[in-house]
Amino acid sequence: MTRAAPAPGAGAMPGPDLSIDLCGVPLATPVLAASGCFGFGREMVGFLDLREVGAVVTKSVSLEPRRGRPTPRMAETPSGMLNAIGLQNPGVEAFCATDLPFLAEAGARVAASVVGRSADEFARVAARLAREDAVDLIEVNLSCPNVEHRGEVFATDPAAAAAVVRAVKAATGQPVLAKLTADVTDVVTVARAVVEAGADGLTLINTLLGMAVDVHRRRPLLAAGTGGLSGPAIRPVAVRCTWQVAAALPGVPIVGTGGILTGEDAAEFLLVGARAVAVGTASFVDPRAAVEVAHGLAAYLATQGVASVAGLPTLFRPER
Amino acid sequence: MVARGRAGAYHTLTVAAPEIAAAARAGQFVGVLVGTDRSFLLRRAFSVHAADPAVGTVGVVFDVVGPGTRALAAVRPGEAVDVLGPLGRPFAPPAPSGNGGGPPACLLVGGGYGTAPLFLLAGELRARGCPVDVLIGASTAARLLQPEGCALLGRSLTATTDDGSAGRRGVVTDPMPELLALAGTEQVYACGPMPMLAAVSRTAALAGVACQVAVEERMACGTGICFSCVVPVRDGHGDGRMARSCVEGPVFDGAAVAWTELGLAPAPTRAGEQAP
Chain F
26 MTRAAPAPGA GAMPGPDLSI DLCGVPLATP VLAASGCFGF GREMVGFLDL
76 REVGAVVTKS VSLEPRRGRP TPRMAETPSG MLNAIGLQNP GVEAFCATDL
126 PFLAEAGARV AASVVGRSAD EFARVAARLA REDAVDLIEV NLSCPNVEHR
176 GEVFATDPAA AAAVVRAVKA ATGQPVLAKL TADVTDVVTV ARAVVEAGAD
226 GLTLINTLLG MAVDVHRRRP LLAAGTGGLS GPAIRPVAVR CTWQVAAALP
276 GVPIVGTGGI LTGEDAAEFL LVGARAVAVG TASFVDPRAA VEVAHGLAAY
326 LATQGVASVA GLPTLFRPER
Chain B
1257 MVARGRAGAY HTLTVAAPEI AAAARAGQFV GVLVGTDRSF LLRRAFSVHA
1307 ADPAVGTVGV VFDVVGPGTR ALAAVRPGEA VDVLGPLGRP FAPPAPSGNG
1357 GGPPACLLVG GGYGTAPLFL LAGELRARGC PVDVLIGAST AARLLQPEGC
1407 ALLGRSLTAT TDDGSAGRRG VVTDPMPELL ALAGTEQVYA CGPMPMLAAV
1457 SRTAALAGVA CQVAVEERMA CGTGICFSCV VPVRDGHGDG RMARSCVEGP
1507 VFDGAAVAWT ELGLAPAPTR AGEQAP
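Read top to bottom, the protein sequences are chains F and B.
Under the numbering used here, the first sequence has 250 at position 225, and the numbering climbs by one with no breaks.
Under the numbering used here, the second sequence has 1464 at position 208, and the numbering climbs by one with no breaks.
Watch out, some of these pointers could steer you wrong.
Stated by the list, open to error - Covered stretches of chain F (chain B as the covering partner; in silico rule of three or more C-beta atoms under 8 Å from a C-beta of chain B): (1) 89 to 98; (2) 303 to 310; (3) 320 to 330.
Claimed, not checked - Just some of the chain F residues that point at chain B, by a computed CB distance under 10 Å: (4) Phe-63; (5) Gly-64; (6) Gly-256; (7) Leu-340.
Said to hold, decoys possible - Sample of chain F residues with no beta-carbon within 12 Å of chain B, all distances over it, derived: (8) Arg-67; (9) Val-172; (10) Thr-214; (11) Arg-265; (12) Gly-284.
The set of hints was computed from the structure by calculation and includes no laboratory data.
As the structure is a computational prediction, the values presented were derived from the model and not from experiment.
All C-beta atoms in this analysis are idealised placements derived from N, C-alpha and C, irrespective of residue type, glycine included.
So that you can see chain F by itself, here it is in the shape it has in the complex (with noise of 0.2 Å):
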């Protein structure tokens, strides 16, 4: 990647040095915006400048369009969500031929969020965006919860996660990240085996398996059972992964998700050793959250008398 960072809107405050490099790829700030909670950017720029934005990661874009799931698709739970979209995209075409020029024309950095049902199914939509200049990273979504059949959540199996990674590899030039998902015993094992298989970074961790019920009714609240459970209710988990991760893989990007409302939620997974972090739910909650969270983060560095948001892994004592 040889294009230089972008500059920072005018809305970016002086202070501690936010920019960072993730696999290679310049970034104006270490916050990006989650898949599947930020569209494809378009809703958003009537809130926020998508330059300031560390990177776009897009809403999952499959080689077909998906229609999704019936509603109710939405529950709020305590301090969280459930959720069960069911992967409505419009197919890696049309987001080839609206979407991502969109977000090339808005200036925005761009991390295509890449779901299939199987290995070869990845790796062609990949290699359709490995044609893409303005594709800045691809991330694999190998975790989403809400598929059909539990073996498409690839990444509750080394193995399989392995190999979605390494066709997805073989088929594109651009940096590649594999987002796991938490459910599993190990979640180390998993990433391990995808770093071993080529992936040159970590999205830690994708919503949880969830489930939750109208007593009054007595049916579940979600037409599809079960849902993906996000927001702050699952920030531990998150943190706790991002920890085990680093420590075991020392020198693997991680990108921490999970639960950030603010900067200081952000700066828990960059002590614990994330590069970066990916704001999800709270834009839900505040369209501007990406960017509320690179200042709150800015402003948390300041007060730690950190000059910049690279250094602050090594300040982090383990020990208590």
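Let chain F serve as the given structure and place chain B on it in line with the hints.
Below, chain B alone, put in the same frame as chain F:
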């Protein structure tokens, strides 16, 4: 927050939000946060019931259905309430009359607290010179939203309740065909539970009258990024797609919504029911 009150079984909330008050159009909604610690994580979507640009206030109506709305009903005047809006696409003006070119007569149909956006809508339509008739329904008298206020919105008000505690016993679609015929209605606007909207759309279609509906579908963001609040629609090519009700709606052409996909058999249903 400026004021909180009761309207029958419902609660009303008025907030100072001058920009929203100036911009809001009938059918649009606002997203309201409950509390500040985000244990109630998401915004609640409420259609705009009142907007006073001169004073800079916006009003919504809500029903206490769970802990979030219960907490909202306990907010006191003076406490800050975070409101995002106006969101969504408003009701569209009626098509020009096919009947001599005068302003077309409109029937406004509201179910339960779904009557809320009809207050702004009636004002907009009266400003266009449209004759307005109002039809409201609910399960009981207490769940009719401000019937005394509804009586002032147009030239007639008809009310139905499931139990007959106010107005006619029955559902809104019972008197609707007669009202359409008597009033020479050319445009129906409806807001309420999804089963009611399905029935109203069908009744309007049978009478050959255009119908716009403001749907209620569970929503996380209100801004188009979460894809929770989708409604199946047909675009005329037969093949349906899932349209986000927050950005493509909440107002849809009643004839474009694929009601049967929602499990709503195209038959009249009770006005006070909650959407499934």
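Right, here's what the structure says about each hint:
1. 89 to 98: It holds: at least three residues are needed, and the region 89 to 98 of chain F offers 6 whose Cβ sits within less than 8 Å of chain B.
2. 303 to 310: holds (count 4)
3. 320 to 330: Answer violated; 0 residues pass the 8 Å Cβ test.
4. Phe-63: holds, 6 Å
5. Gly-64: With Cβ-Cβ at 4 Å, under 10 Å, it holds.
6. Gly-256: Holds: closest Cβ of chain B sits about 5 Å from Gly-256/F, inside 10 Å.
7. Leu-340: violated, 27 Å
8. Arg-67: violated, 8 Å
9. Val-172: holds, 15 Å
10. Thr-214: The assertion about Thr-214/F holds, with a minimum of 32 Å to chain B.
11. Arg-265: holds, 21 Å
12. Gly-284: violated, 9 Å
In this structure, the earlier hints numbered 3, 7, 8 and 12 are contradicted, and the remaining ones agree with it.
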